[in-house]
Amino acid sequence: MTVWWIGDIVLLVVVVPVVIYLLNGVLSEARGIVPSVNRIAAAAAAGSKDLDAAPLLLTTGDQVKQTVEGVAGYGGSLDVILDDAEKE
Amino acid sequence: MPAPGVVLLITVVAIVLVLVYYLVSTIVALRQITAGLDEAIGSVVEIIEKSAPVEEIVTAINRDLDAGVDLLEGLLVKKAGMRDAVGLVEGLYPGAAAAGFRNFPESKTTKAPRISEVYTKGTLTLARLGREAPIAAASPAGGAVLRDVTRGSLMARALYPEARQTRPERLERSPIIGTDAPVQYEPSESPGVRGAPGTNAAIAEQERNDTEGEPGADASSV
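As given, the protein sequences belong to chains A and B, one line each in that order. Quick note on my numbering: the first sequence kicks off at 1 and runs consecutively. Quick note on my numbering: the second sequence kicks off at 1001 and runs consecutively.
The set of hints was computed from the structure by calculation and includes no laboratory data. Warning: the hint list may mix true and false statements.
Under the rule of at most 20 Å between Cα atoms (straight-line distance), these lysine to any residue pairs were calculated in the SDA-like manner [stated by the list, open to error]: (1) 1079(B) <-> 81(A); (2) 1079(B) <-> 83(A); (3) 65(A) <-> 1066(B); (4) 1078(B) <-> 49(A); (5) 49(A) <-> 1042(B); (6) 65(A) <-> 1071(B); (7) 1050(B) <-> 45(A); (8) 1079(B) <-> 49(A); (9) 1079(B) <-> 56(A); (10) 1078(B) <-> 65(A); (11) 49(A) <-> 1045(B); (12) 1050(B) <-> 74(A); (13) 1079(B) <-> 33(A); (14) 1050(B) <-> 81(A); (15) 1078(B) <-> 1045(B); (16) 65(A) <-> 1057(B); (17) 49(A) <-> 1048(B); (18) 1079(B) <-> 79(A); (19) 1050(B) <-> 52(A); (20) 65(A) <-> 1055(B); (21) 1050(B) <-> 62(A).
The model shown is predicted, which means the values in this text are computed figures rather than measured ones.
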């Protein structure tokens, strides 16, 4: 009978606190990850939204090409109407 | 059942309840983490898909711009010569001559002449047109001046000799006006109607001047 009482005391004083401590630690860490994951998801969504303008680079590339072609045309005309520099 | 057995049974049941509470809470938290990671992964996949063609497009833009720079530098060096070209760049962007031209390594060692003392503003404007045409909106001159009659300059013509010096070396000075002017003009009674001698307006003004002060002048008007 005494051994039963000793077992009950050990169970209540040692095992139960240890189990509660460990489980509480796991739960608090899991709950601490949730806000971080939400922030990561929000940042990724914002980054994806920022890249919505990336297709406009196609228009920019076309306009740059047309501008350079225009500059090349002017350059060709200047090459024709202006004399070259004299060789030193 | 003995009392220690009852206490043991109650304790075990309590431990199981605690385990259930914490494990269920942990499962809920892990499910939230999974949902957040799924959302983040979806956004990251979108980022990867949207940024995939960026490198190719930017590379093409840089290639086109490099071609434009090569063209303008080559044209400038060809037409102005290396020494004057470096001087023009130095005159437009002080300190830029040290960097030199990309395709002309010898430009870094070329001594830049004081180009602003050699060429007129018109010549520098022409050079600025060639140098800054793609970004003329940001030009210090206030934008492209090509075909702008209000800001164009013909001073570059003075650089070239002509057989007959038709242009005066010094233009006439502007007339001096005011109370200290050497030539004083009397104010007209009818501004803007100053006609040449012999015209009707001049004759009428002469008649008005002649009748002023005469006794009959006031009577006739009455």
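Going down the list of hints, with the structure as the test:
1. 1079(B) <-> 81(A): With Cα atoms ~10 Å apart, residue 1079(B) and residue 81(A) stay inside 20 Å; holds.
2. 1079(B) <-> 83(A): This hinted pair holds, its Cα atoms lying about 6 Å apart.
3. 65(A) <-> 1066(B): holds (11 Å)
4. 1078(B) <-> 49(A): Violated. Residue 1078(B) to residue 49(A) sits at ~48 Å, over the 20 Å cutoff.
5. 49(A) <-> 1042(B): holds (12 Å)
6. 65(A) <-> 1071(B): holds (13 Å)
7. 1050(B) <-> 45(A): holds (12 Å)
8. 1079(B) <-> 49(A): violated (48 Å)
9. 1079(B) <-> 56(A): violated (37 Å)
10. 1078(B) <-> 65(A): violated (24 Å)
11. 49(A) <-> 1045(B): holds (12 Å)
12. 1050(B) <-> 74(A): violated (36 Å)
13. 1079(B) <-> 33(A): violated (67 Å)
14. 1050(B) <-> 81(A): violated (47 Å)
15. 1078(B) <-> 1045(B): violated (50 Å)
16. 65(A) <-> 1057(B): holds (11 Å)
17. 49(A) <-> 1048(B): holds (12 Å)
18. 1079(B) <-> 79(A): holds (8 Å)
19. 1050(B) <-> 52(A): Distance of about 7 Å is within 20 Å: holds.
20. 65(A) <-> 1055(B): holds (16 Å)
21. 1050(B) <-> 62(A): holds (19 Å)
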